[in-house]
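There are 2 protein chains.
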Amino acid sequence: MEQVEELLQGSRRALARLISLVENNDPRKEEIMRQLFPYTGKAYLIGITGAPGAGKSSLVDRLLTGMRRSGFTVGVIAVDPTSPFTGGAILGDRIRMQEHALDSGIFIRSMGTRGSLGGISRAAREAVQVMDAFGKDIIIIETVGVGQSEIDIVKAADSTVVVLTPAGGDSVQTIKAGIMEIGDIFVVNKCDLPGAERTVAEVKLMLDLKEEPGWRPPVIPVMALRGEGVDELCNSLREHRDYLQRQGLLEARRRERAGRELGELVEFLVKSRVWDSIKTQISLDQFIEAIALRRRDPYSAARELLRQINFPH
Amino acid sequence: MEQVEELLQGSRRALARLISLVENNDPRKEEIMRQLFPYTGKAYLIGITGAPGAGKSSLVDRLLTGMRRSGFTVGVIAVDPTSPFTGGAILGDRIRMQEHALDSGIFIRSMGTRGSLGGISRAAREAVQVMDAFGKDIIIIETVGVGQSEIDIVKAADSTVVVLTPAGGDSVQTIKAGIMEIGDIFVVNKCDLPGAERTVAEVKLMLDLKEEPGWRPPVIPVMALRGEGVDELCNSLREHRDYLQRQGLLEARRRERAGRELGELVEFLVKSRVWDSIKTQISLDQFIEAIALRRRDPYSAARELLRQINFPH
Numbered sequence: 001m002e003q004v005e006e007l008l009q010g011s012r013r014a015l016a017r018l019i020s021l022v023e024n025n026d027p028r029k030e031e032i033m034r035q036l037f038p039y040t041g042k043a044y045l046i047g048i049t050g051a052p053g054a055g056k057s058s059l060v061d062r063l064l065t066g067m068r069r070s071g072f073t074v075g076v077i078a079v080d081p082t083s084p085f086t087g088g089a090i091l092g093d094r095i096r097m098q099e100h101a102l103d104s105g106i107f108i109r110s111m112g113t114r115g116s117l118g119g120i121s122r123a124a125r126e127a128v129q130v131m132d133a134f135g136k137d138i139i140i141i142e143t144v145g146v147g148q149s150e151i152d153i154v155k156a157a158d159s160t161v162v163v164l165t166p167a168g169g170d171s172v173q174t175i176k177a178g179i180m181e182i183g184d185i186f187v188v189n190k191c192d193l194p195g196a197e198r199t200v201a202e203v204k205l206m207l208d209l210k211e212e213p214g215w216r217p218p219v220i221p222v223m224a225l226r227g228e229g230v231d232e233l234c235n236s237l238r239e240h241r242d243y244l245q246r247q248g249l250l251e252a253r254r255r256e257r258a259g260r261e262l263g264e265l266v267e268f269l270v271k272s273r274v275w276d277s278i279k280t281q282i283s284l285d286q287f288i289e290a291i292a293l294r295r296r297d298p299y300s301a302a303r304e305l306l307r308q309i310n311f312p313h
Numbered sequence: 001m002e003q004v005e006e007l008l009q010g011s012r013r014a015l016a017r018l019i020s021l022v023e024n025n026d027p028r029k030e031e032i033m034r035q036l037f038p039y040t041g042k043a044y045l046i047g048i049t050g051a052p053g054a055g056k057s058s059l060v061d062r063l064l065t066g067m068r069r070s071g072f073t074v075g076v077i078a079v080d081p082t083s084p085f086t087g088g089a090i091l092g093d094r095i096r097m098q099e100h101a102l103d104s105g106i107f108i109r110s111m112g113t114r115g116s117l118g119g120i121s122r123a124a125r126e127a128v129q130v131m132d133a134f135g136k137d138i139i140i141i142e143t144v145g146v147g148q149s150e151i152d153i154v155k156a157a158d159s160t161v162v163v164l165t166p167a168g169g170d171s172v173q174t175i176k177a178g179i180m181e182i183g184d185i186f187v188v189n190k191c192d193l194p195g196a197e198r199t200v201a202e203v204k205l206m207l208d209l210k211e212e213p214g215w216r217p218p219v220i221p222v223m224a225l226r227g228e229g230v231d232e233l234c235n236s237l238r239e240h241r242d243y244l245q246r247q248g249l250l251e252a253r254r255r256e257r258a259g260r261e262l263g264e265l266v267e268f269l270v271k272s273r274v275w276d277s278i279k280t281q282i283s284l285d286q287f288i289e290a291i292a293l294r295r296r297d298p299y300s301a302a303r304e305l306l307r308q309i310n311f312p313h
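If you read the sequences in order, they're chains A and B.
No gaps in the numbering here: position 40 of the first sequence is 40 in the numbering used here, and each next residue is one more.
No gaps in the numbering here: position 228 of the second sequence is 228 in the numbering used here, and each next residue is one more.
Some clues are possibly wrong.
Stated by the list, open to error - Across the chosen pairs, the derived CB separations fall in these ranges:
#1 A:Gly248 / B:Arg34: 40 to 50 Å
#2 B:Gly135 / A:Glu212: 45 to 55 Å
#3 A:Pro213 / B:Pro38: 49 to 59 Å
Calculated directly from the structure, the hints in this document are not laboratory data.
None of the values given here were measured: they were computed from a predicted structure.
All residues carry an ideal CB built from backbone N, CA and C; glycine is no exception.
All chains should be modelled from the sequences, with the hints used to inform the complete structure.
Set out below in structure tokens:
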């Protein structure tokens, strides 16, 4: 495919275009992903997650500056499932693009949840692959860490940074589902706010409770807006990468990821095929009607439906 | 099945036991759901969602008191995907149980995300069916409204209440993905806090922007801890139910729900079957290895895998 060749030759336009094709589940997507695959696997993937308003964007901007100074090219995928009312993703994109527009070593892409027909986590992971094949040294995946799909996205990273803010009156105990489990590095941003020290201490305490051997996630106070603590974060990221490499865990993580991706792809292909078959072979209405009227339970309806399209069930 | 009969005869023990079986994806689940199905469809389902700390639990407790006074029996399913570190779901459950322990007209069940192998939204919906068959007049599904799966849960409701709190310095614009779209009724809880009036006004403004004909979601200031505004909320819930019934929309919503459930069940059955076949017929390791070594792209690996287990793909 022409655009794949252009991408491999370094065309930013082809990069942008291919990510769009992937995000919109273009029919050529499978072919694109296949062609790009041999060129992937070189980038280092960093996941950055945290609640809305935690200051992830400012932090990423600072990280970009630091990484560029160290000579790395960087891709950013910002997953921002903002309400259609606010259009947050697009606005955020514009603001960011202005700042780094002149630096060809940086490519930033925002993704909303709309328009990603195959699910946001798949779309984000495939965008990562496209950027990886393009040749970015580091790819940052930034997500609002509130739901399972966002957690799935950062699971795809080599190193995951969880961004917290001082809890104010609240205790850190309100930290969301699974967030504590996925962090390789914790940042307490806006560390000039009251309660910052307590938050740092509480997070450390929670990490102590885990009592897991191996990597001990550092907890770093940061003031992203002024760039304070960002060097420490960069150092921790380097240390974590070195740790993973030294222990052979980078390979292990990537193998795990390959397994997860294979599994999801299998499910995706099967589901697509089921729906194609249903669409062309039968009408769902009669089944839905029967369920709605309590004439048939959903389980036997589903099995009968699969029987009619000759699907194993 | 014995426990199904006991449930239909009003045994709370059978109710608790059957919800556990469903939640744990017990092999007998399909049979249980089939047997219960004819007895479902009578309860009115209310979804209550909002960010952590918005005061949903206090609000639900107040609603319970009001509904019981009106003579309704009520079931509550509180989906609380809290970190294993905090064990929030279990703690919350205990506190609530104490308060309503002596009222046999109330049944409260908390669900974490752990242990729900078939996905939390399926588990919650099936628990709703069990409570419905048991004969509860009203079933409240309370979720932390932050992720797609939580939004899916409230989509299963007849009326959805979105609980907000005064935004303080922030604007309401940070309201999360899709939350504005799903609310039939908006509650601004903790309305004694500064900024409450502004939040109410902003939510009304955002709703005005929608300009959709039909039901206009009310925005109700509430102070759940003191019970203020709860009567208004009860009235709005009644009005919304009457509106849905008058317009024939209750039937429409339930038909939509039947369609969604059927679709999810079809996908679930197919996925289960695929994984069963994979487990018994082939080893994934070789595929994962080939992907990890970049010898084979995930798409062709997935297709080859499906070919080997004779699955349409």
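For each hint, the structure was consulted:
Taking 40 to 50 Å as the suggested C-beta distance range, the pair Gly248 (chain A) and Arg34 (chain B) conforms, at roughly 49 Å. Range check, Gly135 (chain B) to Glu212 (chain A): about 46 Å between beta-carbon atoms, so the 45 to 55 Å window is met. Between Pro213 (chain A) and Pro38 (chain B) the C-beta distance comes to about 53 Å, which sits within the given range of 49 to 59 Å.
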